[in-house]
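S.K.: Read off the chains here:
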Amino acid sequence: MNDTSQSFVKFEKIDKSYDGEVLVVKNLNLDIAKGEFVTMLGPSGSGKTTTLMMLAGFETPTNGEIFLDTKPISKIPPYEREIGMVFQNYALFPHMTVAENLSFPLEVRKISKPDIKEKVQKALDMVELGNFGTRFPAQLSGGQQQRVALARALVFEPRLVLMDEPLGALDKNLREQMQYEIKHIHDRIGITVVYVTHDQSEALTMSNRIAVFNDGVVEQLSTPDILYEKPENSFVAKFIGENNTLNGVVREVNGSSCTVELDGGFGMVKALKINVNEVGEKTQLSIRPERVSIDNLTSDSNNFSGKIEELIYLGDHIRARLDVCGNNEFIVKVPNEGSFQHKEGDELKLSWNSEDVRALDL
Amino acid sequence: MEVPISTAELLTTDGIPLKQSLRKAERRNKLRAFLLVFPLLLFIFVTFVMPIGDMLLRSVDDSQINSVFPNTFDEYKNWDKGADELPPEEVYKSLFFELANGDKRQIGKALTRMNYAKSGWKSLIKKTTREIKKIVKKGEEPVSYKDTFIKINKFWGDPTYWYSFNQMVNDRSSIYYWNALDRTFNEDGDVVLQDEKRRMYIKTWLRTFKVSVYVTIFCLILGFPVAHLLANLPLRYSNLLMIFVLLPFWTSLLVRTTAWIVMLQQNGVINGILVWLGVISDDGRIQMVYNEVGTLIAMTQILLPFMILPLYSVMRVIPKSHMRAAQNLGAKPVTAFLRVYLPQTIPGISAGGLLVFVLAIGYFITPELVGGKDGKLIGSWIAYHLKTTLNWGLCAALGAILLGIMLIFYWLYNKIVGIDNIKLG
Chain A
312 MNDTSQSFVK FEKIDKSYDG EVLVVKNLNL DIAKGEFVTM LGPSGSGKTT
362 TLMMLAGFET PTNGEIFLDT KPISKIPPYE REIGMVFQNY ALFPHMTVAE
412 NLSFPLEVRK ISKPDIKEKV QKALDMVELG NFGTRFPAQL SGGQQQRVAL
462 ARALVFEPRL VLMDEPLGAL DKNLREQMQY EIKHIHDRIG ITVVYVTHDQ
512 SEALTMSNRI AVFNDGVVEQ LSTPDILYEK PENSFVAKFI GENNTLNGVV
562 REVNGSSCTV ELDGGFGMVK ALKINVNEVG EKTQLSIRPE RVSIDNLTSD
612 SNNFSGKIEE LIYLGDHIRA RLDVCGNNEF IVKVPNEGSF QHKEGDELKL
662 SWNSEDVRAL DL
Chain B
3 MEVPISTAEL LTTDGIPLKQ SLRKAERRNK LRAFLLVFPL LLFIFVTFVM
53 PIGDMLLRSV DDSQINSVFP NTFDEYKNWD KGADELPPEE VYKSLFFELA
103 NGDKRQIGKA LTRMNYAKSG WKSLIKKTTR EIKKIVKKGE EPVSYKDTFI
153 KINKFWGDPT YWYSFNQMVN DRSSIYYWNA LDRTFNEDGD VVLQDEKRRM
203 YIKTWLRTFK VSVYVTIFCL ILGFPVAHLL ANLPLRYSNL LMIFVLLPFW
253 TSLLVRTTAW IVMLQQNGVI NGILVWLGVI SDDGRIQMVY NEVGTLIAMT
303 QILLPFMILP LYSVMRVIPK SHMRAAQNLG AKPVTAFLRV YLPQTIPGIS
353 AGGLLVFVLA IGYFITPELV GGKDGKLIGS WIAYHLKTTL NWGLCAALGA
403 ILLGIMLIFY WLYNKIVGID NIKLG
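Chains as they are written, first to last, in this note's numbering: chain A, 312 to 673; chain B, 3 to 427.
These are calculated hints, taken from the structure and not from any lab test.
Each pair of labels, with its calculated beta carbon distance range:
| # | chain 1 | residue 1 | chain 2 | residue 2 | range |
| --- | --- | --- | --- | --- | --- |
| 1 | A | Ile422 | B | Trp252 | 50 to 58 Å |
| 2 | B | Pro335 | A | Asp672 | 44 to 52 Å |
| 3 | B | Lys205 | A | Ile422 | 50 to 58 Å |
| 4 | B | Ile410 | A | Gln450 | 27 to 35 Å |
| 5 | B | Pro335 | A | Glu332 | 27 to 35 Å |
| 6 | A | Glu332 | B | Leu243 | 24 to 32 Å |
| 7 | B | Met202 | A | His406 | 44 to 52 Å |
| 8 | A | Gln450 | B | Gln22 | 33 to 41 Å |
| 9 | B | Ser254 | A | Glu332 | 41 to 49 Å |
| 10 | B | Leu279 | A | Lys424 | 54 to 62 Å |
| 11 | A | Gln450 | B | Leu33 | 33 to 41 Å |
Listed next, the stretches of chain B that the computed footprint assigns to chain A, with coverage defined by at least 3 CB atoms under 8 Å from CB atoms of chain A:
| # | stretch |
| --- | --- |
| 12 | 321 to 329 |
| 13 | 335 to 345 |
The calculated DSSO-like cross-link candidates involving lysine-lysine, where the alpha carbons are at most 27 Å apart (straight line), are:
| # | chain 1 | residue 1 | chain 2 | residue 2 |
| --- | --- | --- | --- | --- |
| 14 | A | Lys424 | B | Lys334 |
| 15 | A | Lys433 | B | Lys334 |
| 16 | B | Lys139 | B | Lys153 |
| 17 | A | Lys421 | B | Lys322 |
Glycine is no exception: its CB is placed at the ideal position from the N, C-alpha and C atoms.
Please take these sequences and the hints and turn them into a complete structure.
M.R.: Quick look at the structure:
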């Protein structure tokens with residue numbers, strides 16, 4: 312959405328190594344526009360938190376430069392960067408009340424007392440904790456502490472807010488509620504947010520764009536819908552959402568589509584050519600479970616059958632694990648419309664559109 | 003549906019009152035818990051409560067002398083000091099028989115006590131007893147006991163001796179406490195300062211305080227960075243460092259103290275190095291041991307672990323993200339340390355401080371060995387009276403005052419910091 316605007320945060324050829332032997336971050340190039348909500352998503356150890364710490368100033372890039380508002384920031388100490396941050400365990404100061412926690416960044420900036428009071432109250436009201444100023448962090452619930460941490464990161468009007476898995480310690484319901492709250496606050500005040508998480512649904516819910524990290528490299532940087540519907544490689548396809556895979560070899564390339572012969576002689580599949588180049592290349596096909604239809608033979612050549620291995624009743628839909636073309640982890644979601652009569656062991660007729668199958672790297 | 007709200011006792015399903023049922027159910031557990039701690043309770047009672055109680059009683063106990071001279075003291079109470087210069091005849095008479103028939107050992111003990119009240123009593127009574135024994139042996143009965151006494155020794159006509167009886171006639175006496183504070187009773191029974199040359203306790207008390215406060219401060223200054231390092235180094239290095247911190251615990255206190263003598267004495271290691279480096283001349287060797295400086299150095303080293311360990315245990319649980327958060331919020335590292343880190347270490351500082359101070363104030367071996375004449379602390383006096391003069395009453399009083407001071411500090415600490423904040427590990 313902000314692709315056209317000038318980049319506000321710019322990572323340029325960033326490498327990071329702690330021991331001189333292993334690169335934790337490899338050649339990172341990332342542009343973040345002003346007002347954008349960008350999430351760094353990836354499994355633990357993928358370098359996303361390191362990247363965030365470099366931006367905050369607690370780690371130094373081994374190579375490359377980070378620009379904030381077109382100025383290089385490597386030489387600026389963390390306390391002069393004017394970047395707010397919400398830490399994983401909030402890092403609220405336990406010996407200060409909520410109000411004192413919030414005044415702290417203002418006091419060190421030598422802002423006048425009445426101004427501090429006003430700003431603190433405004434920040435507390437923003438996170439709906441207006442009456443909690445005199446409490447100590449230990450007297451608050453996890454969700455309230457989370458909000459205080461958020462308010463503290465915003466109260467001094469930083470140029471940028473970083474969040475390092477801020478919802479990791481909350482239970483599921485609260486986490487979802489906080490996701491919306493953070494998103495709404497972002498929408499309201501329009502601040503640039505860089506968010507780190509390993510929870511893909513969190514990333515999909517909140518972000519304008521998501522950078523998927525794997526092993527120190529950004530695999531794909533895109534909006535949530537494109538990331539989910541059009542993954543560019545098998546890591547992203549597997550990491551974001553549920554994904555069925557079939558392995559094969561490319562037999563024919565035809566413009567943007569290709570034909571793949573499945574391993575084990577199960578037949579040919581027509582697919583979109585995404586991350587393969589030539590005939591004879593090995594490939595992994597990716598199909599989302601909800602794009603597979605059952606007992607519907609109207610689509611083009613991708614018609615297969617699978618044996619039901621397991622049925623799991625989930626209320627709104629029934630999750631069927633099938634054995635399809637040698638893959639017994641093939642998942643299909645059947646909407647619970649009351650017409651599904653099959654049992655475990657039955658053969659199902661399956662089909663999918665060739666636009667929904669993506670031929671990716673193996 | 004209407005829910006009946008009753009204020010009556012809650013009942014279990016079987017109709018027994020709930021509280022009674024709960025008591026019954028919990029009785030076994032309570033009994034078991036009590037039996038588990040009982041040996042410890044007994045142990046503490048026998049080895050801690052009883053000795054301390056006995057000591058506290060001893061510090062005010064004056065009953066021994068009352069059991070030796072019961073009649074004399076009874077008669078003495080009838081003496082009208084305003085009317086007569088000397089006590090009445092009955093006093094002399096009772097004393098005559100009590101000296102003549104008394105148990106020699108008991109009288110000996112009583113004499114020691116009498117000498118605390120007024121020096122000179124011991125030799126006076128000893129001489130007099132010899133003479134009285136002679137008189138009794140001859141079978142004579144003196145016409146006037148008073149005159150007989152005065153004939154034996156003219157001091158029996160000196161009322162100041164008799165006045166000093168005044169402080170011994172009760173079973174309880176505060177004399178030891180006053181002695182422990184360089185005070186005594188005068189002839190009228192008022193509290194006055196001791197003779198100038200006998201005043202040493204106040205001086206020692208003050209020195210004990212001074213040394214304890216300094217040792218606490220030095221331990222804090224030296225221990226804080228070490229504890230911080232311990233808490234923040236990678237485990238591999240911090241374990242090694244921890245061994246160095248704990249090493250003193252595994253070495254005999256005596257060895258460590260004497261090692262300090264070797265290090266600090268005038269011909270010791272440190273002076274040797276300084277002379278070798280040319281920092282000081284051979285004649286200008288620094289006196290670092292057998293004085294207060296030596297006491298301070300050695301005690302600081304010996305008590306340092308007691309400061310480091312509580313500090314470490316507190317610092318270990320302060321998340322590293324706090325300093326980062328403070329800096330991220332715009333605080334310079336120094337501000338972040340002072341406003342975010344330091345306040346969170348207060349439980350450790352106060353626990354370590356209290357521990358070191360309490361240990362230092364009652365310290366004995368180290369000051370005794372390296373303290374010399376002007377580095378001795380109050381513990382040395384307690385040991386001296388316990389072993390050399392056998393003045394256990396004074397020992398007990400000194401100990402009780404020490405205990406009282408500690409309790410006052412404990413109370414102050416609880417008022418200011420709160421005892422719940424203490425963290426020892």
